[in-house]
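Using the hints, build the complex out of the two chains.
Protein sequence lines, in the order shown, are assigned to chains S and Z.
Counting from 1, position 128 in the first sequence corresponds to residue 128 in my numbering; the numbering is continuous, with no gaps.
Counting from 1, position 313 in the second sequence corresponds to residue 313 in my numbering; the numbering is continuous, with no gaps.
None of these hints come from the bench; they were simulated from the model.
One thing to keep in mind: the hints can contain errors.
[Claimed, not checked] For lysine-lysine, the following DSSO-like pairs were computed, each having C-alpha atoms within a straight-line distance of at most 27 Å:
hint	chain 1	residue 1	chain 2	residue 2
1	S	K261	Z	K112
2	Z	K264	Z	K358
3	S	K261	Z	K202
4	Z	K113	S	K261
5	S	K173	S	K261
6	Z	K16	Z	K38
7	Z	K113	Z	K38
8	Z	K157	Z	K202
9	Z	K16	Z	K112
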Amino acid sequence: MVSRSPSRIRRRAIAALRMLAALVLAGGIYALVSPGAQANAPGSLSAAAEEGKALYNNYCITCHGNNAQGVEGRGPSLIGVGSAAVEFQVETGRMPATAQGAQIDRKPPQLNSDQARQLGQYIQELGGGPQVPFSGERSPTQGNIAHGGELFRINCSSCHAFSAGGGALSSGKFAPPLNESTDRQLYAAMLTGPQNMPVFGDNQLSPQDKFDVIAYVQNLNTDNDPGGWGLGRFGPTTEGVAIFLFGMVVLGFAALWIAGKS
Amino acid sequence: MSISNERFEFVRQGAKERDDVEIVHYELQYPLGSRQEKRVVRFVSGLFLLSGLASVVFVACYIWWPFTNFPAVTGWEYEPGNSWMKGYTPILGLTLGIALAAFGFAVLVWGKKLLPHEIVLQDRHDGASDPAERKLTGSTLQFMGEEMGLSRRPLLKVALLAPAGGLGLAAAALPIGMLMKDPHHPDVFLHTGWDPQANGGKFVHLVREDGETKIRPEDISIGGQITAFPGIPGGTTNKHADSPVLLIRLRQNDAEALRANIEKGYPINRGGMAGDLVAYSKICTHAGCPASLYEQQSNRLLCPCHQSQFLITDNARPIFGPATRRLPMLPIVVDEEGFLVATSDFNGIPVGPAFWEKPEA
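Isolated chain Z, as found in the complex (with noise of 0.2 Å):
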């Protein structure tokens, strides 16, 4: 026997005399020496065995194991095709979990099947903790408080609301902050890098997404369309983001239902048009995605973030899913050189997702 009988006498009395828990039924699952027992001991040292094995299989091929052709060729290039290189991950992946999972499953075992069978009963207590041993505790409480001595020392309680109230205030600074419109800005919504006024005066090319090559009216087919960016210096970054626009040459009798539902119904794009050509913003009104899944034989612009469907032959009306507001339609003209410029900034209307200050349109 390798417990000792003498000391689970000990941890049996002192738990039924200090914390009245009785050990009620104590049973070893083999008897000590068994060839059960061996034979499960072997099973869990195997476990064991094999996590650790696993783990310094990880740790080679973390460190040998080849992911890049590194240094046939220059640089840390990805080779497509088969090859070693892409077992790297699933090897990494396979090592690290053979090694946790029999980790896992060897503690588990040992568990289960080599510590003894007990059963232990401890009384619930009733009520209340003892009258005098709650009096007690408040009365250090209060000694406690009486100690700083708060009270005798007005400075001290004066000059702690100063670091309160800072504190608070710089908590409530982000989520009050997040709530207003950039205040350094106060028009950043309102223009983007089509307005004229910003360009010196002179309107905006519409250009590749090359940020040089201006577009002409003839780039694009009947049923075809190109993404247009402002050509104006940064004009394809992340500084103008909001700008990109959709455009599209519309079929004849399209472009006839456009300009007629312009005219019925949404006089602010008049004149919005060269010829069969239409540019809408590119930025989805309901969540800024880019709305730009150009269906060429039914006119929807689709928003493949939440599914909402822009009517193009009606001025980009939302005709299903989340968005409430159309998108806006970039007036352009073909400049003397046959270049196709931008004659205002969305005619005043900003582009994306609604704000608080955000004009009706």
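Bound-form chain S, shown alone (with noise of 0.2 Å):
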């Protein structure tokens, strides 16, 4: 008996020490892989996302509520929208909105850049969603045209016309024109949907379709319009109705002119 004891001591200590490394080991994998475990704890957000807070209850907490929870008849909650949705929102003018209506229109902003992101990373931190997977504001590779052409015909002309001007919906809502949107706001609204748009995933359009839509829809930015004036590109009937009532007044004014001077 005395002397299995040191051995039966030395057995449990190996045990131990296994145990100790085992456990070890374990959590140190955990914290290796687990996606930013307390930065999802709640109270503790990062300093991008602390600024985002203060904004957030200085600018949209009279509408979207208490912790992004939404306001009944006044605001949605936000939970789950994403960074992608915030930035897009905030950065065309949208948000913050003066009034509701049937939709709510570009303006220009009244937060920076720096600011949209801010909030973006609070409401990203309250309870995550779609992020624009780039940090500038240009694409990170530039697309292909063509290819972005037939996705644009496909699934964005019939809202927004074949030349990005836009164009009516239902009970005074409408698509707007694509002209002053940054790739990083078209990004977003692909990304998100937002107000009447349908959401096109990464499924669906994957990042780099949409860096291909992005880069036929910026080179129609830059096209000039052949001929001078492009009406709102609204396309052949504008063009008719304009070139009709004007040459019709010309037409009608040179007629009283040689009438009445003969």
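If you want it as structure tokens, here you go:
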């Protein structure tokens, strides 16, 4: 018995050491692979999100409520909308909104781009959601304009018109023209589907597809209008009406002039 | 005086005696050879010269103005951005416009300033023509008829009926033929590319615009839409232009509302949805335009041509505009490989605008 007791102690010690090693290993692996465990913990926001929270409490809380949970009849919950939606709405000046209406319109933004991203970070850390996968204002890669054109014509042109000039929807709503949009705003709009726009998730249009569409739209935007005046780029109907009205007025005055002289 | 008085008197006399036209007032606007006249002549000549010059510039621009950077690049490619090429069409229009306008204006000024002022009178004739003349004309026509001798040559008369009738029929064929449906394909309006029978009894896959990529349910986000074509040979071509559908993933509560409306009011669409996915024909039932303006918040489909609106959550019922029929729903399921397939050809409801034999549905 006496001779066995040291070995028993040793065995126990070895088992305890093994246990400790296994725990350390498992914990280490978990710490390595688990995605930002501490960021999701309530009450511990990143520095940018803290800035965003301060902005939120100044600009957004009236309609979207405490902790972005929404206010009935005033503003929807923002849990899960993601930073992409927040950045789009704030950077294009649609949010903070001035009034409820058929459609919230684009206007000069109240918050700058950095503040919009801080707000986005706050909403992102509150409830997750889609994020724009690049940091700059420009697409990280130049897209294929020809392929983007095909995608644009089948997915976008029914509402935004083949020239990206926009068009009417029901009951005062409309698809806006895309001529002021930055790459980042276009990407965020496709990803999140603001207001009545359908959502084009990554399974439908891959990030590269989205860059192709952006390249096509920006190419349309940089292209000037042959002949001078684009007439809103609404197409041959507008052009026909314009030339008809203008031509008729000129011809009418010409006829009056000729008749008055003889 | 360059205008000969002798010739003027001759013309005046002839007009008066032969045509009962009397020149009562005739006055030159400017004395011939005066300074005013020379000024107008110079002006008109200048306009003519301008017109000719602009025409030459037009031809020169037409030939030499660069409208493509050929042969700098292979082929006739359009180059985006600002360049000389953008001026090609405007410069053609401008030069030809100046040429035509200057010519027209010159002719106008010539007529108004250089031709003399004159007032002429002509008496109006009263009553009908002379009875003797009328009788002569009538007899001439009758004589021509007798010369042809149709009454004496009955074979000719009968033979003439053939081209008369035949050509009349040919003229009527087009307007009457357009009223008939295609006689060679009696069911062409009733079947689309989704028909499983035409696909060897197999359900037709929903594919993307490339005609190959099959669509999985998870390809469409909530509030998203995708245009789907039948996955058959030529399914994305104009041969099956009646087949495209708009595949939409509804929000859960909107899908519940649609399921309730199917049970309540339109059981033919029962079982047509795959989860929260629904597929409606993209062809408007009013005039056949693509009704693919999808509003994901208000759940409406709009047609851009005549502003028809369809309510997605109530079997695509028309709620505004000229359309009177629902958009047919394509019944879809997920097959064992996880792809979306159509189980039937719009449940037998023809897509698109009405036609005479369209079944009521």
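Each hint, compared with the structure:
no.	hint	result
1	S:K261 with Z:K112	9 Å, holds
2	Z:K264 with Z:K358	24 Å, holds
3	S:K261 with Z:K202	79 Å, violated
4	Z:K113 with S:K261	11 Å, holds
5	S:K173 with S:K261	52 Å, violated
6	Z:K16 with Z:K38	33 Å, violated
7	Z:K113 with Z:K38	11 Å, holds
8	Z:K157 with Z:K202	64 Å, violated
9	Z:K16 with Z:K112	25 Å, holds
This entry does not satisfy hints 3, 5, 6 and 8, going by the numbered hints stated previously.
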